[in-house]
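Q: Below, each chain spelled out in residue letters.
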Amino acid sequence: MNCEQYRESIAADPSFDGGAGHLAQCADCQAYRSEMQALDLQIKSALVLDVPELRVPDLPEIQADNVVSLNSKRFSPPAWFAMAATIVVAALIGVRLAGTDITQDTLGEEILAHLDHERFSLRVTDVAVSDDRLNAVVPKDVARMDHSAGLITYAQSCPIRGHDVPHLVIQGEHGPVTILLMPEESVSGPESIRGENIKGVILPVGNGSIAIVGESDERLDRIQERVLESVTWST
Amino acid sequence: MQSSENGAKRRQRFDQYVAVYHQDMYRYAAWLCRDKAIAEDVVQEALLRAWKSLDALRDEASAKQWLLTIVRRENARYFERKRLETVDIDNLTASQAALLAEQPDDELDNMRAAIYELEDDYREPLVLQVLMGYSTQEIADQMGLKQGAVLTRLHRARLQLKDRMARL
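One line per chain: the protein sequences are A and B, in this order.
Taking this note's numbering, the leading residue of the first sequence gets 1, the next gets one more, and so forth.
Taking this note's numbering, the leading residue of the second sequence gets 1, the next gets one more, and so forth.
Chain A with its partners taken away, still in its complex shape (with noise of 0.2 Å):
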């Protein structure tokens, strides 16, 4: 390999790892790999935009949509027919709702009440916990948990809703972040958590769901991404 083939690999893929030995031998290549590596890493910034809100947008019944009838003569119900239908499955679906929403009032004010009694996990702090200490509060049967969420600061064994789950706090952007493993916490999607100069939401994980809580102007959406990359359910 020469200079030149380098060159090219390394701006295709600055990850490019061949060429170890022509790599070695040239001062210029190498100089250009770090040059390289090093624009990636703005580009990487550059490219990570806010993003807003979630908004689901509507979405249809799937079984009505997918319905494909196998008899030629297709059953045209009268408008009134039509009319009551909708009437059902808009009460069908209100009450849905309303069974939702009374399930995430309760988990999300529990969380919550949770914080403010624990107001104390909330330090500002450059001081790790001790893997050992990680190892305690996150059982490997519960979950597996790396380290790539951040820099973990406090790790309690705590009662939400009845069970013993594990409550971390890692250093976010403007603050400490809260996060709650909870494997045996079922949510029916992103549900989010608002209080007195906080915000957060539940997500769905598997079977469970993980709260993600922290000051009003943390960007929550990468410590999300990172902790969602970083947690896997044993159960």
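Do not rely on the hints blindly, as some may be mistaken.
[As the list claims (entries may be wrong)] For the chain A half of the interface with chain B, some residues (derived, Cβ under 7 Å), not all of them: (1) E8; (2) A12; (3) Q37; (4) L39; (5) L41; (6) L49; (7) V51; (8) L134; (9) V138; (10) P139; (11) I160.
Hints in this document: simulated from the structure, not taken from any laboratory.
For glycine and all other residues, C-beta sits at the position ideal for the given N, C-alpha and C.
Since the structure of chain A is already known, use the hints to place chain B on it.
A: Okay, now just chain B, sitting in the frame of chain A:
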């Protein structure tokens, strides 16, 4: 009862994908169309389409690629419906300009402007590689190109960015 349970499971599965991949979908859309408002529309359409065709997704591991492919198609559909004029970077709408000036950081803004000005053919593989973590073969599959063509585009994209940043 069975049907309603299936419906709930289906919705739960969909919500999980959305929770995990919504950000990637939005950022990909935003860099494809270079307009935040349009990106939101594209993501909305993509979510709707994903919901309708969720049962076609058999392999959970390919969910991200599947969703980004839907975003790509919805973006193309959007521009088929509304043929927009060529964008002049000195004369942007508020929604386009918002993409370039998210944070008060000159260097970041300059890089964003440089990426913004890249041709679509160069910008898209770069986004897929750097932001989405795609391999060059995966980019080739996504864009319907040969791997060699992807490597060339990535190489040129970086050289252009390097050159533009050096000139500032």
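Q: Next, verify each hint and record whether it holds.
A: Hint check:
Because the beta carbon of E8(A) sits about 6 Å from the nearest beta carbon in chain B, less than 7 Å, this interface hint is met. With 7 Å as the threshold, the beta carbon of A12(A) comes within range of chain B, its nearest partner Cβ sitting at about 4 Å, so the hint holds. The interface hint given for Q37(A) is violated, since its Cβ lies 11 Å from the closest Cβ of chain B, which is over the 7 Å cut-off. Here the hint on L39(A) is kept, as its CB sits about 6 Å from the closest CB of chain B, short of 7 Å.
For L41(A), the suggested interface contact is broken, since its CB lies about 9 Å from the closest CB of chain B, more than 7 Å. For the restraint placing L49(A) at the interface with chain B, the shortest Cβ-Cβ distance is roughly 5 Å, inside the 7 Å limit, so the hint holds. With its C-beta approaching chain B no nearer than about 5 Å, V51(A) sits inside the 7 Å limit, and its interface hint holds. For the restraint placing L134(A) at the interface with chain B, the shortest Cβ-Cβ distance is roughly 23 Å, beyond the 7 Å limit, so the hint is violated.
For V138(A), the interface hint is violated, since its Cβ never comes within 7 Å of a Cβ in chain B; the closest pair sits about 20 Å apart. Checking P139(A) against chain B by beta carbon gives a least distance of about 23 Å; that is not within 7 Å, so the hint is violated. For I160(A), the interface hint is violated, since its Cβ never comes within 7 Å of a Cβ in chain B; the closest pair sits about 19 Å apart.
Consistency note: the structure conflicts with the earlier hints numbered 3, 5, 8, 9, 10, 11.
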